[in-house]
Amino acid sequence: MKRRAVGNPLGLAVLAGLLEKPMHPYEMARRFVEYGKERDFKYTRSSLYMVVGQLEKAGFIAEQETLRDTARPERTVYAIAPTGRLELFDWMRELVAEPATEYPLFGAALSMFTVLQPDEARDLLGQRLAALTELAGEIRRTLAQAKDEGLAWWYLIEEDYRLAKLEAERSFVERLAESVAGDDYRQAWDEFFGEKK
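In terms of this note's numbering, the sequence shown opens at residue 56 and continues consecutively.
For the record, the hints were derived by calculation from the structure and aren't laboratory data. Keep in mind that the hints are not guaranteed to be accurate.
[As the list claims (entries may be wrong)] Dumping the calculated DSS-like pairs for lysine-lysine here, alpha-carbon to alpha-carbon at most 30 Å:
#1 Lys92 - Lys202
#2 Lys76 - Lys92
#3 Lys76 - Lys202
#4 Lys220 - Lys57
#5 Lys97 - Lys202
#6 Lys57 - Lys97
#7 Lys112 - Lys92
#8 Lys92 - Lys220
#9 Lys112 - Lys76
#10 Lys57 - Lys112
#11 Lys92 - Lys57
#12 Lys97 - Lys220
#13 Lys97 - Lys112
#14 Lys97 - Lys76
#15 Lys220 - Lys202
#16 Lys76 - Lys57
Since the model is a prediction, treat every value here as computed from it, not as a measurement.
All chains, full assembly: derive it from the sequences and hints.
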């Protein structure tokens, strides 16, 4: 992955949003929520304004106008610049084509998993399995509702991807919980950690 002038995924969302039409940051945030995009990246109002500033400084977006009315504070409307359009498509092509190394917290925990006593580990995996099942159910309901409302599948591909990842993790956690419950793991754990605990 190449180093980007603005590497925050929120910048990608802002650029994509401005393809639709010029907007001020408050409207961008409202659309993120309206389209369910707040589940795809973490942000706050201040981080949105910070990224908008970074994109402007990099020349990817530009002020189009400043709206003034007495009922609200000034609002600066931004539009995507030609360089921003190029950056958006280059970045999207890279993200879609090239797998990136990510560092999920669960993966970090698994790398040190054996410090947990087997019974506790099995119980914790059971809790995770229940939570994953609930999350998968929520996504299935969202997808079913969207289908019933006639929403095209491509507007929900990130939810479908999230469900596929959850299902893969559920399957892995089920197998891991079974392995942890086995006598061979307990015996190996007792031999290695029994005296250290």
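Indices of hints not satisfied (ascending): none
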